[in-house]
Amino acid sequence: MEKSSALRTGNISQSWHDQVFDIVNIIIMIALFALFVWPLLFVFSASFSDPNAVWNGKMWGIPVGFNVECYKTILKYKNKIP
Amino acid sequence: MPASFSCMSFTIEKGREFMQALTDTTYTEKAGKRKNCFYRLGKDMKKNPILYLMILPVVAYYIIFHYVPMYGIQIAFKDFVPKLGFLGSPWVGLDHFTRFFSGYNFKNLLRNTLEISVYGLLVGFPIPILFALLLNYLPGKWFQKSVQMVSYAPNFISTVVMCGMITIFLAPDTGIINQLVKALGGKPVAFLSVPEFFKSIYVWTGVWQGMGFSSIIYISALSGVDYQIHEAAIIDGATKLQRILNIDIPSIAPTMIILLILSLGSIMGVGFEKIYLLQNPLNMSASDVISTYVYRVGLIDSDYSYSTAIGLFNSVINAFLLIIVNSVAKRFTSTSLW
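Same order as they appear, the protein sequences are chains A and B.
Going by the numbering used here, the first sequence opens with residue 153, and the numbers climb by one from there.
Going by the numbering used here, the second sequence opens with residue 50, and the numbers climb by one from there.
Simulated from the structure, these hints should not be mistaken for lab results.
Everything numeric in this text was worked out from a predicted model, so none of it was measured.
Just so it is clear, CB atoms sit at the ideal spot from N, CA and C, and this is done for glycine as well.
Do not rely on the hints blindly, as some may be mistaken.
[Unchecked claim] Distance condition first, Cα-Cα at most 35 angstroms in a straight line; then the derived DSBU-like pairs of lysine-lysine:
id: 1; chain 1: A; residue 1: 224; chain 2: A; residue 2: 210
id: 2; chain 1: B; residue 1: 156; chain 2: B; residue 2: 96
id: 3; chain 1: B; residue 1: 96; chain 2: A; residue 2: 210
id: 4; chain 1: A; residue 1: 210; chain 2: B; residue 2: 231
id: 5; chain 1: B; residue 1: 323; chain 2: A; residue 2: 224
[Unchecked claim] Footprint (simulated), chain B over chain A, 3 or more residues, beta carbon under 8 angstroms:
id: 6; segment: 189–195
id: 7; segment: 214–227
The whole structure should be built from the sequences, with the hints applied where relevant.
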């Protein structure tokens with residue numbers, strides 16, 4: 153897919169249609185990006201956070217009361233991990 | 050370059066052979082002495098033994114794991130007693146089918162199954178296409194790539210973990226969605242215990258999980274569109290929206306149709322795991338589908354014949370749908386599976 157030089161350098165100016173399209177597109181994609189990342193980040197941070205903070209809604213994405221207790225608990229169940 | 054030369058002569062030879070074979074068959078067809086398919090298969094096997102050796106594992110897999118177990122279908126028409134075995138159990142004809150069709154929850158099961166899958170199809174089919182199209186026009190390579198990578202991530206979460214996440218997020222008091230509702234001054238809702246919400250929860254979490262991954266095929270189809278067409282359109286003053294409507298969508302239409310046929314073929318087979326994991330007694334009226342019913346009746350209540358009959362009914366409907374949709378697609382669009 154080789155773009156010609158005029159198109160690549162943007163010498164053809166965009167119409168207002170295209171500018172509106174781009175802006176709407178970027179807004180949608182930023183929203184989607186957040187929608188994809190945030191739940192994953194939430195789960196990841198929740199695993200490092202103080203359980204009480206998570207249950208009380210204090211934790212919104214960045215670990216609160218950092219600890220690794222849950223990982224220690226998992227590793228204690230040695231016979232349950234095949 | 051001897052290697053490429055020999056390769057070329059090899060292809061020429063193959064081509065000649067192919068042409069020869071072509072004229073052979075047309076000749077025999079004309080003569081009205083077309084040999085039967087087994088004879089031709091044997092002849093072809095002698096000609097290309099390696100190719101047939103390569104396909105052997107696949108054929109063996111289908112025979113062993115898909116066709117041989119089909120002999121168990123007979124218990125749908127029998128009163129299966131494990132002690133007597135498949136062959137020894139007495140025949141009962143279509144009793145299990147009539148029992149299912151006249152059952153008190155047949156209507157509810159069928160309605161839930163169809164509603165969930167049609168809802169899922171209406172939402173889950175166009176969204177990956179729209180996502181791929183928008184992604185394709187996103188300015189900035191870096192941003193485009195990162196959105197794409199991030200959209201794949203949910204696909205790799207297993208169903209069990211996904212359902213755990215859904216349950217935690219939607220928990221009545223402590224869930225993050227209800228924290229948000231409370232922060233905005235609303236009243237917390239126990240989402241998973243309200244039957245009306247179940248289908249939307251199921252479908253939209255499915256979209257969240259699958260849209261990035263199912264858009265891959267469209268993204269690759271879009272990258273195959275000849276840029277010269279776009280260039281000509283740009284020079285003629287087409288906006289991006291017009292390019293999407295008049296160039297991109299017609300170019301990826303065959304891919305869309307094939308995927309639509311495939312997804313319509315499984316419209317009765319709503320995924321078992323996720324529904325079963327999200328089910329609870331409170332949302333049962335909206336979440337009980339044929340596959341979970343088969344599981345409950347067949348494996349928990351050990352009514353093997355009855356559950357086989359339901360499963361068979363389901364598969365037959367799916368097969369018919371696939372055939373119908375395929376023939377419709379063949380007739381109107383010239384794109385079809387076979």
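Hint check:
1. For the proposed pair residue 224 of chain A and residue 210 of chain A, the alpha carbon gap of about 23 angstroms is at most 35 angstroms, so the pair holds.
2. Straight-line distance between C-alpha atoms of residue 156 of chain B and residue 96 of chain B comes to about 55 angstroms, which puts the hinted pair past the 35 angstroms bound.
3. Between residue 96 of chain B and residue 210 of chain A, the direct Cα distance comes to roughly 71 angstroms. Violation of the 35 angstroms bound is thereby established for this hinted pair.
4. For the hint pairing residue 210 of chain A with residue 231 of chain B, the CA-to-CA distance comes to about 13 angstroms; that is within 35 angstroms, so the pair holds.
5. For the proposed pair residue 323 of chain B and residue 224 of chain A, the alpha carbon gap of about 29 angstroms is at most 35 angstroms, so the pair holds.
6. Three residues within the 8 angstroms Cβ limit are the bar, and the segment 189–195 of chain A against chain B gives 5, so the coverage statement holds.
7. With 0 residues having a Cβ less than 8 angstroms from any Cβ of chain B, the segment 214–227 of chain A misses the three-residue criterion, and the hint is violated.
In terms of the numbered hints stated before, the structure departs from hints 2, 3, 7, listed from lowest to highest.
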